[in-house]
Amino acid sequence: MTACFATERLPRPFDPAAAALARGGFAERGAAERDFAASAPGGALLDALGGHSPYLADLAIRESAALMALAERGPDDAMARALDPLGRIDPATPRAAVATVLRQAKRQGALAAAVADITGLWPLDRVTGALSDLAEASIDAACAHLLRDAAARGEIRLSGAARTDPRLVGRNSGLVVLGMGKLGGRELNYSSDVDLMVLYDPSVAAYHADRAGAVYVRIARDLVRLLEERTTEGYVFRTDLRLRPDPAATPLAVSIPAAITYYESMGQNWERAAMIKARPVAADRAAGESFLREIRPFVWRRHLDFAAVADIHSIKRQIHAHKGAKGAHETVQVEGHDVKLGRGGIREIEFTAQVLQLIWGGRDPGLRDPTTLGALSSLARAGKIDRRAAADLADAYVFLRNLEHRLQMVADRQTHRMPEDAQGLANIASFLGFADADAFRAAFTQHLKRVERHYGRMFEAEPTLAAEDAHGSLVFTGVEDDPATIATLRAMGYANPSAVAAMVRGWHHGHTRATRSERARELLTALMPSLLGAFAKQRNPDAALARLDGVFGRLAAGVQVLSLIARNPALMERLAGILGAAPQLADHLASHTAALEGLLVGAGGTIGNSAATLPALLKDARHVEEAMEYARRLVLEGKFEVDAATLEGTFDVDAAGEARSALADAAITGLLPHIESEFAQRYGRVKGGALAVVALGKLGGREMLPGSDLDLVLIYDHAAGTEASEGKAKRGQPPPRSMPVSQYFTRLAHQVIGGITAPGVEGKLYEVDMRLRPSGSKGPVAVSLSGFQRYHAEEAWTWERMALTRARVVAAPAGLKRKVEAAIRAALLRPDVAGKAIPDAVAMRGRMLRDLPPDGPWDVKLGRGGLVEVEFIAQALQLAHARQHPGVLATTTRIALGRLAEAGLLDAEEAAALVGAERLWRTISGLLRLTVGRWREDQLPESVGAALLHACRRLNPQDAPVDLPALQSQMARRANEVRAVFERRLGRPEAQQGDRE
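Each residue of the sequence shown is one higher than the one before, counting from 1417 in this note's numbering.
Heads up, a few of these hints could be off.
[Said to hold, decoys possible] Below, computed lysine-lysine pairings styled on DSS-like, alpha-carbon distance capped at 30 Å:
hint, residue 1, residue 2
1, K2103, K2252
2, K2194, K2277
3, K1800, K1756
Because the hints were derived from the structure by calculation, they are not lab data. As the structure is a computational prediction, the values presented were derived from the model and not from experiment.
Let the hints inform the model, and build the full structure from the sequences given.
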């Protein structure tokens, strides 16, 4: 016969007696088989199979015709013949017959792959790719049968074409089957099980969406049974569905919306690694691709996050059961070694590639190759792994995967462990074509040691419990103080080194929540010299380190934070600086550790991204609760980024105010449509109705400070003659309740305020103050546009109109926004306003000085010449002159002062002095809020004073105070300048103290 392979490449039979038995059994099948066994190529092939593998010998005999065709035409033709019946199963075929077709395809496909592998006709990637094709075609055929069966039961819809054409059955079926692991990466091994994830879209094909889950769960269960059930004909594939979301708590088939929600909210980093290889393998492949696109941000993150690093080490420890254990997981050996999980094994190679992909793949899509060899190659090209290391790992991977296949071919067992006896080891060596066991042993151990060396360099640099650095000895073992360590701490600047040493020992002993895990303590030990050095630079290092201890005490786990710090050295300095000056931010870090990533921003170049990201994220939210959750997370992270940059002096007070205000604007604008939509489902809509959210105060002026609440007014409008809401009932839902217009918008307003102030896991978005609404706390929460206009025409006080100078529509439909803005402008330009604006403002300031005295020397808001007086000057002059000079109106104080100067209503020098003072007051107020809050003493803490001086130097480099006394002199000069302008332009507030309204 003519053979497609070279007989000299076949391994000689290790067991000649078994080989002869296999050849004889094959010959007994018929005359053609007898001739094949007697031929040199046929005999050599049967000897190679039977002399090493009882399983392959039996398979060759059972599928004798397929083996002879393969020997003559080649494995590509043989695999195509094996797969062909899977695509031509008649719709009327009963399940038992379908199972028979599947098992026969598996036998013939497995035989083709084994022969192509053993003869060297296929390289490793072709072998694993063919086995993956076989699994994919089998799963697809099984799904097609099960979907037709569900359609016949009247449970799902299939088009007429899909009922007859197997290629169309899966389309729009609602069923998605993802191949995970080696199947997903087209790297299936010879006796591998197939990792699947079964998903479904309840709204696509099921007749009853509420019962879709039961339908698709049954399909998943029957799919597993079809593939796994063993009979005398064998089985198709062992199946594992445990890679689905939260397998302990979810059914075999998971709805696509539930899966997306899981990955967005609870997905783990090991699941990100698993999703690198995920791909649709059966049923509705288009829906599968859509699902993978939806969760792409979960898998491929733009920035490395600390949790990923922590889980990297967790995965490593899962590979090596525990440190110090001897055996297959700890040492390189031969007999009994696990070629997958053991030291230097396949998993370490895959782990290396996947970890580097998770770290860098978010930035570089070219690194997202799902195959191990492809990933190593792309990582080497991108410079993310040494080329020599990548080549060694790739060579070892090919060797170990070929070895893995031989181990599994012997008895079709899903094993990865080397034989423990000499005869078994010699059989495997022969099966791989080695001259003897010693030659195999040498090659095997060489590959393992290379993998172990490269892996160890990248992932196993272990810290020690004693560290030496430029400062000296730092040893924190035992229970007693180490004298050399105490001397080192004292030299570094710690006032109470014994207390510091005791604190650090407590960390190492797991006395605080953050360091209870072994990995956290290992990371902490490695970080200790740089950590103590960074905190030693603070003005009060003992207090700063004590705040870190407080953070550690409130963290649920410390591995994430410590891992992030370990991989970003500059972060240590920023963290120390913040904890050294701002205990409030330390508390925030303890509750919101994700905020640490904001510290990586550095110079503030990307601060404010949360405001830009939030609208799109909220728009894609599926429901109001999800939108609120997204908003809380991004707002809290965004506020922390701005606060940290402000504290460090890298973000000036104007930019910080605008960034905080933009964040609040984005949250309100993004949440309002979700809240309105959810409310409309219950109460319908008001014809022509809409709600506007108007900001006043610091938000209105885009001057928000740390911790600023939101001064809001809610205004609504509707079509003339409309008295109540109305709406149509949706299918399966009760009809909306009708509600009178005023009650409707009052309740909607409460929902809006509740959405902003409701606490969640991440805290609450903002506090809201609505006392500036018409009639104050006695008025309705939402006011009609006509009511707003009437109030400001007939009842509003001057102080309310002063507040209105900062009114800004934050969220509203375009039409209503124009109407509200016109109403605000009309209220400010009323002829009766101008004449009493200034005297009323002076009287009001006088009463404030009498009833609300400043709260200590650092109260720059209420003090003489403080922030309130600057704002009163701007607001009163706008009201007094806006009718003649409408261009002076501006919601931001510094802009309004500039416009007043341009109109000749202030001298340029006066405006400059007021703007400078206003910036200084906001800078001081913001820094105090971040650090000590209210401070009634004359002397500030040293660290706070240093931060304040740094910010003031950045604010005005030409007139920078050198110390706190110089700053206090500057404050007194600024206050005098403000008071002088106040008295010149408005009047003396003290002269009005006796007046009553």
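Quiz item: Broken hints, numbered, in rising order?
Solution: 1
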